[in-house]
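A.B. asks: Next come the chains, spelled out residue by residue.
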Amino acid sequence: MKKKYIIAIGIIGISIALILATAGDTSTYVDFSQAYKLAEAGKTSSIHIVGSLKKDGNGTIVGLENGADKLSCSFILVDEKNKEERVVYNEPAPADLGKSEKIVVIGEYRGNQFVAEKILLKCPSKYQEQKLKAGV
Amino acid sequence: MHYFIGNLGHLFVIATFVTSAMTVFAYFKAHLESNPEQKKAWLLNARVAFYTHVASIFGIVFCLFTIINNHYFEYHYAYSHSSRHLETQYVVSSFWNGQEGSFLLWMFWEAIIGIVLIRTQKKWEATTMVVFCSVQVFLASMILGVVLPVINLKLGSSPFILLREAMDAPIFKSQPEFIPKDGTGLNPLLQNYWMVIHPPTLFLGFALTLVPFSFCIAGLWEKRYSEWIKPALPWSLLAGAILGLGILMGGYWAYETLNFGGYWNWDPVENAVYVPWLILIASIHTMITYKNSETALKTSIILVISVFVLILYSTFLTRSGILGDASVHSFTDLGLSGQLLVYLLFFTLLAIGLVSVRWKHIATSEKEVSIYSREFWIFLGATTLCLMGFQVIIPTSIPVYNKIVELLGSTSNVAPPANQIQFYSKFQLWFGVAVALISGTGQFFWWKKIDGKGLKKQLMGPILLSLILFALIIAIAKIYEPAYLVLALASIYLIVSNGNILFTLLKLNPKLSGGALAHIGIGLMLIGVLFSAGYSKVVSLNNTGLLYSKEAGTEFNRDNLLLFINETRTMAGYDIEFLGERLQPKTKSGFMKKSDLELTNDPFKVVAKKDVLFQQKKLFSAKDTIEINPENTFYEIELRKNGKVEASLFPRIQVNEEMGGRVASPDIKRNLLSDLYTHVAAPMDPEAEVDWGKTEEIRVGYGKDFFVNDYVAQLEEVKRLEKLDGIDLEKEDVAVQARIKIQGERDNYYAEPIFIIKDRSQVGRIPSEVNDLGIKITLLNIHPETNEFSFAVNQRQKDWVIIKTLEKPLINVLWLGTGILMIGFCLAMVRRFREFNNASD
Chain A
2 MKKKYIIAIG IIGISIALIL ATAGDTSTYV DFSQAYKLAE AGKTSSIHIV GSLKKDGNGT
62 IVGLENGADK LSCSFILVDE KNKEERVVYN EPAPADLGKS EKIVVIGEYR GNQFVAEKIL
122 LKCPSKYQEQ KLKAGV
Chain B
135 MHYFIGNLGH LFVIATFVTS AMTVFAYFKA HLESNPEQKK AWLLNARVAF YTHVASIFGI
195 VFCLFTIINN HYFEYHYAYS HSSRHLETQY VVSSFWNGQE GSFLLWMFWE AIIGIVLIRT
255 QKKWEATTMV VFCSVQVFLA SMILGVVLPV INLKLGSSPF ILLREAMDAP IFKSQPEFIP
315 KDGTGLNPLL QNYWMVIHPP TLFLGFALTL VPFSFCIAGL WEKRYSEWIK PALPWSLLAG
375 AILGLGILMG GYWAYETLNF GGYWNWDPVE NAVYVPWLIL IASIHTMITY KNSETALKTS
435 IILVISVFVL ILYSTFLTRS GILGDASVHS FTDLGLSGQL LVYLLFFTLL AIGLVSVRWK
495 HIATSEKEVS IYSREFWIFL GATTLCLMGF QVIIPTSIPV YNKIVELLGS TSNVAPPANQ
555 IQFYSKFQLW FGVAVALISG TGQFFWWKKI DGKGLKKQLM GPILLSLILF ALIIAIAKIY
615 EPAYLVLALA SIYLIVSNGN ILFTLLKLNP KLSGGALAHI GIGLMLIGVL FSAGYSKVVS
675 LNNTGLLYSK EAGTEFNRDN LLLFINETRT MAGYDIEFLG ERLQPKTKSG FMKKSDLELT
735 NDPFKVVAKK DVLFQQKKLF SAKDTIEINP ENTFYEIELR KNGKVEASLF PRIQVNEEMG
795 GRVASPDIKR NLLSDLYTHV AAPMDPEAEV DWGKTEEIRV GYGKDFFVND YVAQLEEVKR
855 LEKLDGIDLE KEDVAVQARI KIQGERDNYY AEPIFIIKDR SQVGRIPSEV NDLGIKITLL
915 NIHPETNEFS FAVNQRQKDW VIIKTLEKPL INVLWLGTGI LMIGFCLAMV RRFREFNNAS
975 D
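Protein chains in written order, with the working numbering: chain A, 2 to 137; chain B, 135 to 975.
Keep in mind the hints are simulated off the structure, nothing from the lab.
Possibly wrong hints are sitting among the right ones.
[What the hints assert, rightly or not] Computed beta-carbon distance windows for the label pairs:
(1) G64/A / L483/B: 52 to 62 Å
(2) K739/B / S53/A: 51 to 61 Å
(3) Q848/B / S53/A: 29 to 39 Å
(4) K892/B / K84/A: 56 to 66 Å
(5) S34/A / R218/B: 45 to 55 Å
[To be verified] Here are the simulated lysine-lysine pairs, DSBU-like style, with alpha carbons at most 35 Å apart:
(6) K778/B / K5/A
(7) K932/B / K56/A
(8) K537/B / K119/A
(9) K3/A / K425/B
(10) K828/B / K55/A
(11) K612/B / K119/A
(12) K56/A / K364/B
(13) K4/A / K432/B
(14) K560/B / K103/A
(15) K932/B / K103/A
(16) K5/A / K357/B
(17) K119/A / K671/B
(18) K3/A / K494/B
(19) K3/A / K590/B
(20) K55/A / K645/B
(21) K357/B / K3/A
(22) K560/B / K119/A
(23) K103/A / K288/B
(24) K425/B / K84/A
(25) K3/A / K364/B
(26) K5/A / K727/B
(27) K5/A / K425/B
(28) K560/B / K38/A
(29) K103/A / K307/B
(30) K4/A / K307/B
(31) K364/B / K5/A
(32) K3/A / K587/B
(33) K537/B / K38/A
(34) K288/B / K4/A
(35) K537/B / K103/A
(36) K432/B / K56/A
(37) K5/A / K932/B
(38) K3/A / K432/B
(39) K425/B / K4/A
(40) K671/B / K103/A
Owing to the predicted nature of the structure, the values given are computational and were not obtained by experimental measurement.
Built from N, CA and C at the ideal position, the CB exists for glycine as well.
Isolated chain A (complex conformation) (with noise of 0.2 Å):
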């Protein structure tokens, strides 16, 4: 019986650890103020942030440049509390960028500098979107 008190001990251990473990790498959605105390406060590793591009009053967006040569590109992000900040992006803008309604980039401040590293946009889906189109 010994030995299988010690493989059940074993499992255990390994279970706690693999979710503290997994506790330790899980990101929070924040908005920027809490990314830039979480950054000064020294937490390097990525975390998310959901916002929208800023629009003007026509719904065009504001601020939205393409690097040279289209390379790299970077936007103006207002996170859920209305703060803008402007979001660097290290691969070309994606397609689809103007007309996603929510954004959640995953990335870091670097300096005064949100950068992100990935961005996930959330467009409306078909289904949210269904309209007849009547004269087709």
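Add chain B to chain A, keeping to what the hints say.
C.D. replies: Below, chain B alone, put in the same frame as chain A:
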């Protein structure tokens, strides 16, 4: 309006639900009945009910297929999942594109499996079928689409609802009989042959996991605690093979069609099937041990139940909409989350309840396990697999955790790990090492009784051989990362030791070699994954020497390559050149130059301006009308080595509203030792405003060379046009068209600007554009006195494309391993089915 077919379909849906409930009831009665006559009668009843159930499912399939295939767009399902332009094979996939259809597919497979069970498992028929058909009751309820009176609860979502019932469009108020002319179509990403076979395979796998679960529950119920293992085992093996194949097909589809650069992304939807598969494999191992040594019965019961519960859990995760923010491709909520939760909880609680009631009666082996016994190693392996799954399921469940906290009245904003691939890999890699070492060593104990001394002797050879192979491989492949070194060594050891066993078995009895083969497959897969993912390397480095963006650091902008049309760059030892945009004809294989084609008012049709060639073969003649898929544009990229063309790649950009805009799909140059995986990182925006720059005026006569945008050009002729599309020419009106030949890098192009004088005074000019060269030429004026003509020449930036190319070494080893794993599964399965048959004779 075709009301009949939909009503018929809905009738079948209701019949399916009712008959499955009847089957459960009748089998239940049959089991409880002690009078043999009565029992027989109930069994007959149950079978009739079940076969009616099967017939009703076929009825639903027939009705839904008729609706989709005949384009009855008054039905919501046909409208939102198909269109008139869909090719026949994809009509089939639009069938399971929607959630309702995929439930139907699941039920369909279970119906087929049910028939096999009734015909082969006489001893177990009543109790297993009670469990089996209870699942059918739940699945049928998902597509029921009935609103319960009094409590006003909607049960299920029917695939047969009309468009006007599903959508609140104003047109239905004025015109209730309105039928749209075309549907919105099947998501173009899914218009791929893998998507025709991947979902049925995966759902067959789902359906198959129900069989061992049914046997296990039936065994506990009938107090035949251990007998259920024998009939269940071959089904578990079949489920393991099919589910594994389904998962890998999904991975292969992702590799070919999606642009994240790999076959596995640790997306919650992928994890949701990966975890049950791991546990399923663990359960197969413990079941086999039980058959041989009567240990691990309790473990087997728990694992078999867990597999099915995890399948239900993954169904809940992917279909309830709970993953919303966390996954890119889960289904949207159809309002079924409550029902799905009941489905999940019903079977989970039922199983837990039954197990706890019966727990103390289940035999336990009191034998102390020795380290030198095969049971110990199998148990260790199964444990590793379970922990491996456990590690994946915790973070995947974060959205569920957030939801529960929310329901308790608090808020939780935990997000999944930011870099999923890195996060999961760092754990799964070590589990992979453990799996490789355990299954490499365990095989020796499986086939031979050995002690400590014997083990040393047995292992010496394989370990030495592994080390030699390992040294050779790292010398060639240059691995330095310590973790990768360990994984490589462990995988080689797994292959070598199982190869050793395989060699012995092939001499003894090849029929027994399934296990050894499957393990070799796993070893090869680990090596394939290690190299193709661990050493996947961006080769499309920006090597122009230009710094694209000043404020960006050195690491910025290095991964993408900007290619202008017909300008050669170098990449990964190749000369690389972008040759222009291409369209694909529907009727023939090959690609057509966009510049050779003229668009028409019908987006699905183009007309050839001149003969269309593809790789020196003529596809179409000039003036032919050609059918195309307008959403797809391909970018021809040529790779050359020493002037010789090594590959022509056609990565794709697809306009896909459903996926939120434009989707890039890669094209892959496959070599034996590595794949070169190229996709478009950014295409030119066709809607962007064009800057035509300064106008340059040129005055030339016939036959004289001149330069436009550095290309040599020549005015070949100017002719008078008798008629002109869209403009009425009167007798006095004059229209002339110039024809200018421009010698591009690879091809001659013609610009044909038109000059019109109408009513003697009005001058009109229709400029001509040469897209590939970025040139626009306008005929400005005619100078009869000198026989010369003036042209205005404008230039814009040349067409460009930004690509990203990854090198994936040894990915073929992964696919080879997959194939061997499947062969291993099949051999093992055949053996166990035979055993079962011999036992029942």
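A.B. asks: Going through the numbered hints above, which ones does this structure break? Give me the numbers in ascending order.
C.D. replies: 2, 3, 6, 12, 20, 24, 26, 30, 34, 36, 37
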